[in-house]
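*Asks:* Sequence lines, in order, name chains A and B.
Quick note: the numbering used here has the first sequence finishing at residue 1002, numbered continuously throughout.
Quick note: the numbering used here has the second sequence finishing at residue 82, numbered continuously throughout.
Some hints could be false.
Now the in silico label distances, taken between C-beta atoms and shown as ranges [claimed, not checked]:
id: 1; chain 1: A; residue 1: P276; chain 2: B; residue 2: R48; range: 43 to 51 Å
id: 2; chain 1: A; residue 1: P276; chain 2: B; residue 2: S81; range: 46 to 54 Å
id: 3; chain 1: A; residue 1: F978; chain 2: B; residue 2: G22; range: 35 to 43 Å
id: 4; chain 1: B; residue 1: S81; chain 2: A; residue 2: G326; range: 33 to 41 Å
id: 5; chain 1: A; residue 1: H287; chain 2: B; residue 2: N50; range: 32 to 40 Å
id: 6; chain 1: B; residue 1: G23; chain 2: A; residue 2: G955; range: 45 to 53 Å
id: 7; chain 1: B; residue 1: G22; chain 2: A; residue 2: R546; range: 46 to 54 Å
Simulated from the structure, these hints should not be mistaken for laboratory data.
We put the CB at the ideal spot given by N, CA and C, even for glycine.
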Amino acid sequence: MRVAQGGARIDRGRTIGFRFDGRRLHGHPGDTLASALLANGVHLVGRSFKYHRARGILTAGAEEPNALVVVGKGALADPHARATVVELYDGLIAQSQNAWPSIRHDFGALIGAAGPLFPAGFYYKTFLGSAKSWTRVFEPAIRRMAGLGPAPTGPDPESYDKVHAHTETLVIGGGVAGRAAALAAMADGRVMLTDERPAIAPLPGIRMLERTTAFGIYDDNLVMAVERVSDHLAPEKRTGPRQRLWQVRARHIVLATGAHQQPCVFPGNDIPGVMLASAALAFLEDYGVLVGRRVVLVGNDAGAERLQAAGADVRLVDEVRAAHGRRHVTAITDGTGQRIACDTVLMAGGWQPAVHLHSHLGGKLAFDAEKHCFVPIEANSRIRSVGAASGHIPRDAPPLPVAGKKAFIDFQNDVTLADIDLATREGFVSVEHLKRYTTTGMATDQGKLSNLNALSRLAHNLGGSPGAVGTTTFRPPYTPVTFGALAAHDRGDFIDPTRVTPLHDWHVARGADFENVGQWKRPRFYPRSGESMDEAVVRECRAVRTGVGLLDASTLGKIDVRGADAATFLELVYANRWAKLAPGKCRYGVMLGEDGMVLDDGVSARLGAEHFLTFTTTGNAARVLDHMEDYLQTEWPHLKVWLQSATEQWAAMVVTGPQARDLLSTIVSDVDLAPDAFPHLAWRSASIAGHPVRLYRISFTGELSFEVHADARFAPAVWHAIVAAGVAFDLTPYGTEAMHVLRAEKGYIIIGQETDGTVGPDDLGLGWAVAMTKPDFIGKRSLTRSNMLRADRRQLVGLRPAERIAEGAQLTLAPADTAMLGHVTSSYPNGHDGRPFALALVAGGRERIGQTLFARFASHAVRCTVGEPIFYDPQGARLNG
Amino acid sequence: MLIIPCPHCGPRDQIEFRAGGEGDRARPADPASLTDAQWAEHLFMRRNAKGPLRERWLHAAGCGRWFTLTRDTRDHRWSV
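My request is simple: use the sequences and hints to build the entire structure.
*Replies:* Structure (structure tokens):
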């Protein structure tokens, strides 16, 4: 109830309304949801995780394990909010969670009666049975009843912010010690101070962040903090971001995080109305709320007179043997066996410094036997603790725990004293094992109120001191952090940059269906109305095989290689030869890793004596450039070579098909396109529509092909000229899907599809492109390792399946074999002959040509005939045309 | 997140760098003269030291240079 005393944080002059479980209630600005509920006499706010016990408000702060509620509705719903830190606003809607059908009549409370089913380690004991009983019986039942609030019903409509800051000193905690430390640190330079509470009085010259929880300290004093910018406002009044993530680099960190009062352990210590003594005082002084009239105080008498002054009848006891009551405490039995009627039990179980942040970077703890708590040991001068956080706390000897039914150690995970004792008897005597077995300290409150009691009990059971038992490791976050704050702006379109080619607008206008290739958007196919993907791809492939097609290949990686030693360098980074390639010519090259596995492949063109342009796989461009730079800088720094990415500077347009030359001859000038003058694997300068272009006779389709490379700025004009000239030839734009079919029919590999880092050049039938006579190149030595010479290495073959098969399907000798010979790397339903075909890597594959294998996917097995990995124009007559 | 002292740009956030594994492992001058076992040792075996370890780093989002530093793997202390 609200009393006249105290209330420093509230504005008694104004009243605001809120709802809890549908009930309309009133509070004051400055209230937390917890203080407003208590002011209205509402103590029962939730049900516990395992036993569905009635639970009330235990604390007045961030350490609250019990009073978890859902705040807001629909997409704005925020589950697991701690009522003790939720600031009240007019119109706030909160709902208890983990109760069904209602908080007062909770079905799961029957589990309390079934307690023996849920002892320590129940995960490992109770749910034994068939796999079916888990999926059909246990899991749905647990999901329905476990203490998990409902997820929001839609995408988060709120915005979040992210900031970086640098400071000489960061003080975490704005209490007396923190403020004094901040003022003292001003002499050294810039000072920032964070405090998780609202309304922190400013200190001149110091950047103060209120409502800001520093939740983690990472290497080199990086502090992550979340500022609740507008959580305290009604949703319709929020104008800025909801929360802001701070990433602060501080030369010095001062931890003034205070201490947490610990609960006492006795049967019924979780009944609503049983709470921390410090919480009752905070509710009185900060919010003018007296939590009860008939108060039993156990532990020590600090604050008793203030409660009395506010109108409470306070009884001090040395020991509580048990608390009684179901939805609210009605009485206790004291150490003498006397029953005392009451409506409130206040626990003063000693104090534990909030050492969590101290521990994040590995800071060690020492047990202070006199104060019965763990105190931080200063590891270095860059992170130090002050005030209560450093162990300056009252010297309370906590009352000894009282065994019995339902004496709770961990309130949030429903771990009892008996569970700790059972775990000890079962041999879980390491603190880390105890934690995992009983789950004590593993709930969202991170054991702020349970670790010390659990460790003390373990030590007691083992006959030692908690200092000898040690603590588990505290890890970030100190309190739960929303995913929204961590993601901030990096969501939706801003997760990753999107790269589009200079011709993207044309593809969009043409109705292309796009696929993502790395960050690139590439047209996958251009459907005509009513056409399926398969139909469109068949049409696009046929156009290339019989007429002429047009592909935007601008995403192709391009690396400009220049310098006196350019050819020497390429000889080292590629497996094949370059030295004698004449300017004006192109060559296919294979790049290996030092382990001899294929890293990339592609054509390179010699533009001049000391100038090459290297083409890489679209998704591999950055990696290949890095690889080349690495060797250039670290292994062969004496070579005079400069590397530059040219991917985005050059647009690439592939004109391919039997009519490619006829089409281009109508728009290309300054070049002789005749086969003798401009053969396959040559390149020439030319111009189209007045713009300079380079033409490369490179074919990835097996047809007569010209790649037209134009400066990205003029690429649309060149593309439009090709498209306009193409009208007379029924020029068909085609996408990556048709490109894949066309190349696979020719047995051309795609890096990452036919390769996976375990495939060497010979495995792919690319031995012809490896010049073993060169003195050295990256990967050469590995090619003669015994493992690379095994006859049963997986080799690239073609498959003719009886029907369409799945990529990734396993290949076996017989339909029911379990011995796997290889897998399908590429598979397409329609080749030029209308039949399905596939590429595969098969153990000793080249020896198996003509054999029958079975492609297995799920329970389906499809008969396949092994053949050469080429399905079209094996002599290559068409591309030389 | 570490702060890495790039010898060319000064101290920068780890996010700007790419790790290149153990350093001071020059590529053998004549790989062909090595046995399979010696070559495998070069390719695959690393010290994974607890304590000072030479490491290769690339300042990928900075100067683009590779360099080698010593990091104490116990406490991330750097030395050149």
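*Asks:* Taking the hints in turn, state whether each one holds.
*Replies:* To see whether the hints hold, each was checked on the structure:
1. P276(A) with R48(B): 43 to 51 Å: For R48(B) against P276(A), whose Cβ atoms are near 44 Å apart, the range 43 to 51 Å holds.
2. P276(A) with S81(B): 46 to 54 Å: holds, 48 Å
3. F978(A) with G22(B): 35 to 43 Å: holds, 39 Å
4. S81(B) with G326(A): 33 to 41 Å: Between S81(B) and G326(A), where Cβ atoms are some 37 Å apart, the hint holds.
5. H287(A) with N50(B): 32 to 40 Å: At 33 Å between Cβs, range holds.
6. G23(B) with G955(A): 45 to 53 Å: For G23(B) and G955(A) the Cβ distance comes to about 50 Å; the hint holds.
7. G22(B) with R546(A): 46 to 54 Å: holds, 51 Å
Taken one by one, the earlier hints all hold for this structure without exception.
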